[in-house]
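Here is what each chain is made of, one letter per residue.
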Amino acid sequence: MNIANILARKGSMAVTVRPEQSIRDALALLDRHNIGALIAVEGDRPVGILSERDIVREAAHNEKFFARLVADLMTRDVITGQPHDDLPSVAHTMTERRIRHLPVVDQGRLIGMVSIGDVVKAQRDHYQGEVDTLQTQLLAGEGGRAV
Amino acid sequence: MTPVPGTPERPLRVAIIGAGPTGFYTADHLLRNARVVEVDLFDRLPTPYGLVRLGVAPDHQKIKFVTNVFDKVAANPRFRFYGGVEFGKDVTLADLKAHYHQIVYCTGAQTDRRMGIPGEDLSGSHPATEFVAWYNGHPDYRDCTFDLTQERVAVVGVGNVAVDVVRILCRTPEELATTDIADYALEALRKSRVKEVYLLGRRGPAQAAFTNPEVKELGELADADVSARPEEVELDPLSRAAVERSQDRATQKKVEILKEYARRQPTGKSRRLTLRFMVSPVELIGDGGGGVAALRLVRNELSATSTGALQPRATDHFENLPVGLVFRSVGYRGVPLPGVPFNESWGVILNEKGRVLDSDTKQPIVGEYAAGWIKRGPTGVIGTNKPDAAETVDCMFEDLALGAVLEPAHPEAAAAEALVRQRQPSYFSYADWLKLDAIEVERGRAQGRPRVKLTSIDEMLAALGR
Numbered sequence: 001m002n003i004a005n006i007l008a009r010k011g012s013m014a015v016t017v018r019p020e021q022s023i024r025d026a027l028a029l030l031d032r033h034n035i036g037a038l039i040a041v042e043g044d045r046p047v048g049i050l051s052e053r054d055i056v057r058e059a060a061h062n063e064k065f066f067a068r069l070v071a072d073l074m075t076r077d078v079i080t081g082q083p084h085d086d087l088p089s090v091a092h093t094m095t096e097r098r099i100r101h102l103p104v105v106d107q108g109r110l111i112g113m114v115s116i117g118d119v120v121k122a123q124r125d126h127y128q129g130e131v132d133t134l135q136t137q138l139l140a141g142e143g144g145r146a147v
Numbered sequence: 001m002t003p004v005p006g007t008p009e010r011p012l013r014v015a016i017i018g019a020g021p022t023g024f025y026t027a028d029h030l031l032r033n034a035r036v037v038e039v040d041l042f043d044r045l046p047t048p049y050g051l052v053r054l055g056v057a058p059d060h061q062k063i064k065f066v067t068n069v070f071d072k073v074a075a076n077p078r079f080r081f082y083g084g085v086e087f088g089k090d091v092t093l094a095d096l097k098a099h100y101h102q103i104v105y106c107t108g109a110q111t112d113r114r115m116g117i118p119g120e121d122l123s124g125s126h127p128a129t130e131f132v133a134w135y136n137g138h139p140d141y142r143d144c145t146f147d148l149t150q151e152r153v154a155v156v157g158v159g160n161v162a163v164d165v166v167r168i169l170c171r172t173p174e175e176l177a178t179t180d181i182a183d184y185a186l187e188a189l190r191k192s193r194v195k196e197v198y199l200l201g202r203r204g205p206a207q208a209a210f211t212n213p214e215v216k217e218l219g220e221l222a223d224a225d226v227s228a229r230p231e232e233v234e235l236d237p238l239s240r241a242a243v244e245r246s247q248d249r250a251t252q253k254k255v256e257i258l259k260e261y262a263r264r265q266p267t268g269k270s271r272r273l274t275l276r277f278m279v280s281p282v283e284l285i286g287d288g289g290g291g292v293a294a295l296r297l298v299r300n301e302l303s304a305t306s307t308g309a310l311q312p313r314a315t316d317h318f319e320n321l322p323v324g325l326v327f328r329s330v331g332y333r334g335v336p337l338p339g340v341p342f343n344e345s346w347g348v349i350l351n352e353k354g355r356v357l358d359s360d361t362k363q364p365i366v367g368e369y370a371a372g373w374i375k376r377g378p379t380g381v382i383g384t385n386k387p388d389a390a391e392t393v394d395c396m397f398e399d400l401a402l403g404a405v406l407e408p409a410h411p412e413a414a415a416a417e418a419l420v421r422q423r424q425p426s427y428f429s430y431a432d433w434l435k436l437d438a439i440e441v442e443r444g445r446a447q448g449r450p451r452v453k454l455t456s457i458d459e460m461l462a463a464l465g466r
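Line order of the protein sequences matches chains A and B.
Each residue of the first sequence is one higher than the one before, starting from 1 at the first, in the working numbering.
Each residue of the second sequence is one higher than the one before, starting from 1 at the first, in the working numbering.
So here's chain B without its partners, still in its complex pose (with noise of 0.2 Å):
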């Protein structure tokens, strides 16, 4: 019986697929192990750092200092990076199967939820999530557009991608000029005609997804005055009580900010954020030109479930919101990816701890391991994705001891690169990314800003004299 890999003349070499958080926590637990693995981490986009630069906010750098213990994951000398090649189009499972021991699916949750309402598709309604990819510069994105001649815009949810797009919304371009914001959309912004700004969370304060830093920032805005309802700040009393039981200090001060919000009174700023709670969409009312003229508001009341969960449950009062422009951020799902188990339920990789399943035996199949946002659904902070990578590293190196792993016919560095050279001969190393990154950083300093962001993959090549 051959040994296992894991050793200086065999090493251990693993594919991971998406160059996230999650991609790089799963690369430096590998790397960390006593065995001798190589990684190659693969992103369909030339950047890496997944959500951290397409996500995380323009106006959030601090968050972004993580990308400092990604940089020195990817300093290791048995790590590689293959950008702009895409799983599935440029390199198959199959041609993964033949070259690396173990696979770890670490592709993140890429679509929307859909509220499922009528109106949803008029031309006014979009996704927050393309919203953001756009303002971020994401490559796919740049080309979107958003009517921003609107001057009322409703935002669904309450999670911090709701949280987000509000801010971003009603910020002044002064604000958003010292950020590293993608310069086409600091343009479009700049012409934004948006007064009024609606959140609007579907349950009570209490149960708000936001964090308290979050909330108190969208008191602190340069040109927007923030108001809530005083009758929708005040907690029912499930609430109350549920707020009291638990002891929760973080919940009972977010309530006492927006009860503050409540008894503002509007300072003549330019711009208004509403924080609207206890209302669901049920329709988007056209404007009979294919857009959108208002968002038909339901008020929900809050039942508890056997274990004490609040839930929204509708009552029969109706309001019209009158907005030209909504976007939705009501979840988020994994995409299923070409021959690999999905489990449509949960909109994630069909797993066990991270172990891939097939989806008639439900068990394990040999080799193939998903980690992050596509293992467990959208849930957490991006240091959540740290524990969650390393059970699924436990679960690789288990199966690597008991010799359960797949047998590629060219484990060799060399070969995986000859083949993504051949299928991919653009792709982007991780060399390459530190060069674009230093050009951003540079384009930047004139500004006065963190960076200024290529956002195509042409100014790339360009940049990099290709």
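Just chain A, with the same shape it has in the complex (with noise of 0.2 Å):
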């Protein structure tokens, strides 16, 4: 299983934000959207991602922080991860360094993002299915009769 496996069944693409724009319309964009982090684009080319985290950091120590930019809090040393990308190698990524949402780029270009969420359901249901397919053959091998 891959990531593009994940992006399958997502539907929409990942929400995002011009790091020009203020935190103000990031916490409108998270609320409405009901997700945890924006990616931060320039044209479709990811330069930053902006959590809740980031913003929660902020918010400890300026009032005033709904009026900065995303471009102040946002974090640029975004990983990325690609659509042929297996997942044991990107939940171990993403567990290690502590990364909650991963952008999805194709040649440079942002396609998606996944979210460790994702990651976890998937690997879940991966797991849950193979146990499903050899319990059957097991109880079927025992007797002909499937559960």
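There's no promise every hint is true.
[What the hints assert, rightly or not] DSSO-like, lysine-lysine: derived pairs with alpha carbons at most 30 Å apart: (1) B/K259 <-> B/K269; (2) A/K121 <-> B/K72; (3) B/K259 <-> A/K121.
By construction, these hints were calculated from the structure, which means they are not laboratory data.
Hints given; two lone chains; assemble the complex.
Written out as structure tokens, the structure reads:
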């Protein structure tokens, strides 16, 4: 299983914001789409990622954080995924580097985003499916009757 | 406001397109719900089970036991099967919208990806799935021909389809004769002159998709020696680091098995299977008469993407592998259905968690859903489609609770049956299938085989006395 299999059932594109937009705009987007991170783009090239945690960190010591710009708070050193990256590698990297959102690019162009939740769910379904298949074969092999 | 359907007086009527594992798992989840649901399962073929009947290899009968689960679903009085009825041809989307509250597409990934290299259309080059459908008795593929007078064959890919194909090519007629392989395929393979079979992987042994039981089986073939090149099964530094870091015991074991194959000496068996890694075909070289003479391969090296996934990168080392027959198994894609939004990038129906989305607005279309490979792409084992189908069915009941269902003019089982009877008078019911199943099993008993398949629709009609 790879990133493409996750994006295939997500339908919509990643929600993006421009670096020169305000944190107020960004919060409205996070709320409207009920998500935890936005990808900052110039054209269709990702240049940063802004997570709810970035905003919390600023809000903790700056009453006027609403007016700040996405560019000020976003993380610029973004790790991106590619459609054919396999899930075990992606899960490993996201866990080790504490990344909760991974923008997906194809030839430099943003095509979507996967969250750690997406990855965990895909892996869980994968293992569940394997267990179910093995159980069915074992039970059937033991007396010809399946559950 | 009329109450939402799902009561004994007003059952929720659902049409499922495609009677493979996902179609049955979807039906199962729907029928287990507390609401009263009636499911009509359509398939363009007369027989149910999809790839369990027509994809799973004939020498892997145990995997087919899952059909017991499907038969239990079909025994529910609120379930009906309409076999031999094709969506978009015999019944249209408009027909279904007039008869059902919800429609679920479970049509799988019906076409293969091309390699996109010169010579791919030479006469000795085929999609592996055509060969698989042929030896499994798929009515649409029974007349395919493959030049089994060739002594040297390459299979491109290391997924389970590729492994099935090399195994069937390497089995003896005696090994195959105890399976439910199609009779005509058994006859053709009896005359096979294939001696050298190559399985070609573009990455290394640690990235190969085949499972350990599958690779072990290749080392236990009755009359084929297995081999590998020592330098190709030795892990590159990136793969070694990845395997050690993840402490992935299964992959470590896989590499050990392959290293053992690389140490094996030929024992004089009449066929030889060679597992190759880190090579990609770049061209099929013709023999001047329209056939294949060789496969030109480039040697790959691996590089890590930013997530640490290892991808192949071509080097400038090339070789020619003389082969007369090539099967490609480099991925699969769904086929668009008439009137249903499609996501070209991934080869799936445009969807979110199984809700079909409008191409323009990207908003859910009321009453239309997708599950299985046509929803997420071709990945996972048969059972993976169970949680996948459950996710789609959860969305269906959420939408139902909000009243977001179709409003069919004729939501009665009898009306749907009348429609099918009018459009496809010779459709096959589940009772018909159970009769065919018994006939096939009976035909097999005499020969000590699980079944002898009926492989054409005429044969099936005749067997039913129609």
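Proposed proximity, B/K72 with A/K121 (alpha carbon, max 30 Å): Given pair A/K121, B/K72 holds - Cα atoms ~28 Å apart, limit 30 Å.
Given hint A/K121 paired with B/K259 - CA-CA distance at most 30 Å: violated (34 Å)
B/K259 paired with B/K269 [C-alpha distance capped at 30 Å]: holds (20 Å)
Against the hints set out earlier in the document, a violation occurs for number 3 only.
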